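All chains should be built: construct the whole structure from the sequences, respecting the hints.
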Amino acid sequence: MGDIESGDIIKDENLVYSKTKVLTDNVMHYCPGCGHGTAHRLIAEVIEEMDIQSETIGITPVGCAVLMYNYLDIDMQEAAHGRAPAVATAVKRLMPEKFVFTYQGDGDLAAIGTAETIHACNRGENITVFFINNGIYGMTGGQMAPTTLVNMMSSTSPYGRDVQMMGNPLKMTELVAQLPGTFYVTRQAVHTPSNVRKAKKAIRKALENQKLKKGLSLVEIVSNCNSGWKMSPVQANQWMVENMFPFYPLGDIKLDGKLVNQE
Amino acid sequence: MTEEIIIAGFGGQGVLSMGKILAYSGIMQDQEVSWMPSYGPEMRGGTANVTVILSDERISSPIINKFDTAIILNQQSMDKFEDSVKPGGIMVYDGNGITRHPERKDISIYRVDAAEEAVNMESARIFNMIVLGGYLKVKPVVKLENIIKGLKESLPERHHALIPLNEKAVKRGMEIVRMVQEV
Amino acid sequence: MKELKLMKGNEAVAEAAIRAGADAYFGYPITPQSEVLEYLMMEKPHERTGMVVLQAESEVAAINMVYGGAACGRKVITSSSSPGISLKQEGLTYIAGAELPCLVVNVVRGGPGLGTIQPAQSDYFQAVKGGGHGDYHLLVLAPQSVQEMSDFVGLGFDLAFRYRNPVMILTDGAIGQMMEKVWLDEQKPRMTEFPSWATTGKSADRERNIITSLELDSAKQEKFNLKLQAKYRKMEEEEVRYEKIGCEDADYLLVAYGTSARICQKSVQIARSKGIKVGLLRPITLFPFPKKPLFELAGRVRGMLAVEMSAGQMVEDVRLAVNGKVIVEHYGRMGGIIPSPDEIVDALEKLIKKGE
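Residue numbers (the working numbering), protein chains in the order written: chain A, 1 to 263; chain B, 264 to 446; chain C, 447 to 802.
Incorrect hints may appear among the rest.
As the list claims (entries may be wrong) - In silico DSBU-like cross-links for lysine-lysine, where the CA-CA straight-line distance does not exceed 30 Å:
1. C:K690 with C:K796
2. C:K720 with B:K368
3. B:K349 with C:K720
4. C:K720 with B:K329
5. B:K329 with C:K712
6. C:K771 with B:K402
7. C:K677 with C:K771
8. B:K368 with B:K349
Read the hints as simulated data drawn from the structure, not as lab findings. Nothing here was measured: the structure is a model prediction, and the numbers come from that model.
This is the structure we're talking about:
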């Protein structure tokens, strides 16, 4: 065989993968190995595949994903800490035909924003909530989150989370699944190709559900925070599988308005 | 003409609604009006009072501490507002439950025993309209026809059937009011 | 055609919001302003104009709903009373920082803390000096009557959109609970076109719109602050509103807003009947504050008395305005006590004696 020129390969018919146009070209600020980038990409891909770029409004949280609006090429609002579900409530009620989502971390959704989360869920707001749970406050440098596991170390639980002193980790996803206003509640991960595929399906379902007008869809993505956990990305994923998943098991919790029997 | 009135009694006696009907009637005769209630826990059965001002001119302060007329419907209100009547002003009161009758010598005092009359008329709800009738006999600041118009404006349509009874009550109040002292 | 009604101030705000073509109201009950939400729920504005009305789970949620709706370029209003307005301060500084238009009604009650449900003017500092963190201002309107409660809703929305800035109607329990005649504006249609910055969905022909108050680059954040300050200076140039009563021949001046200004009008009558030449300057905008007319009057009168239902808050702005040119005293009542016209005259007479 003769020499192969790059021009011989880079042709439309050889294209097997490209970045979705709903992602901007801005370089993400996330740490290498973090799940946020993948979660962003999946949401962007679903928006492109559903052809709803012009009809989607996203609400970003305070936390690592605060700058999400730099990465998604859609109209976005940056909410105060924990208030994204209230902000999204208004956006959806004023523009019921649009697709409205929030993207929130565990501190945002499960600590400071608990009231807004529960009440948006309970009202059955016809929105989608993406909940990234990495068991720690990443942006502020690794403090304890409401989802931090028992005995897990963080900068504000340096000897491990002591339940006597600091209380228990909070399973917000199971909690909101009990509310009549939620229609679809699921827990996913994005650390392996097969999980990425499952997560993407869940994201698509959660956004498509808005057309049904039957209530709120929430997709939790259990993710790592390798810098906050002080591990390498590979170690962090392994630690997540061994420690996070037993407490935060993956799978659908509520499907089409009915609780899934999880044995 | 400006008439500054305080109506004071128990919550549930129709104090606020009597004031409201007066204010509506004022509007019906193109007057400026203000209706300033006491609000809060009083609304739920304690003492209630409302300041109503009817005027041919722009009303300056809706909140005042001296009144041309005080309509007094319980002892607490008597104790609180007797001194607030301007010299030469008027007090109209219901004697029911009053243990200390008014003592001022520099105001005109009239008594309308509306609680008793409401029992006679077999309708406790028109108590306040009997009082209103007594007041309007003494000081006809608004015409009866404007009271009726005011009632139509202020009552929801489903209660319009009650207007004739209310009119009767106002007229009855005009009949039973009696002078205690005049200055 | 305008329509004449007898209404409470709180009800007038609610009805005016529907008629101004408001797109949404988000609120949480608190005395003495719950009639706003009650009236709206009773009136079914979703049937009249399509307006959204929602009882939120808290004042915090309500103001963030306002943020979300305003960011879509919609006319959004909320109301509360002092403790609830304190809870809204986080949302308000975000709204100011994201340059969003909205209308916030504070039906003030006495404080601090849970305080009292009776009327007060003790939230003046919070309203005019910012209220939340950061260098920002609300544009603050102070109605003195039920009519102005109605009129300032439409005006407030206009100003909010003109400046992309939150506007507050600063009133109190007395005006909220009081009934007066009010001429209601005609029904305005709701907007069908929205500002170019609004997050209404990124159409193919434009860049994406981002509503945020975050800027991590300090140089850019300072530049943004300078832009905000320029906006506030423009308000000071163009939006000062006030009323003068009996100031032409006045030897003394009362300065009061809202309920206090109504009471002072009676005090002016009483004082003039005693031969005291006194006038009243009533600020209608509290930010921007009518500094210039006060400075001018300071050259002509012998003393000023700021009358407030507080320990003395607006009086500081009066003193800043006159810059030492004339003596400025304060008379106030607190905790839900409303001063009587007579006691204000007494305070004025004391000021006069002090001057002599």
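Structure-based check of each hint:
Between K690 (chain C) and K796 (chain C), the direct Cα distance comes to roughly 23 Å. Compliance with the 30 Å bound is thereby established for this hinted pair. Our distance criterion of 30 Å between C-alpha atoms is met by K720 (chain C) and K368 (chain B), whose separation comes to about 26 Å. Straight-line distance between C-alpha atoms of K349 (chain B) and K720 (chain C) comes to about 18 Å, which keeps the hinted pair within the 30 Å bound. For the suggested pair K720 (chain C) and K329 (chain B), the alpha carbons sit about 18 Å apart, so the restraint of at most 30 Å is met.
Distance check on the hinted pair: K329 (chain B) and K712 (chain C) sit about 12 Å apart at the alpha-carbon level, within 30 Å; holds. For the hint linking K771 (chain C) to K402 (chain B), the alpha-carbon distance of about 51 Å lies beyond 30 Å, and the restraint is violated. The suggested pairing of K677 (chain C) with K771 (chain C) holds, with an alpha-carbon distance near 29 Å, which does not exceed 30 Å. The suggested pairing of K368 (chain B) with K349 (chain B) holds, with an alpha-carbon distance near 12 Å, which does not exceed 30 Å.
Hint compliance for this structure: hint 6 alone is broken.
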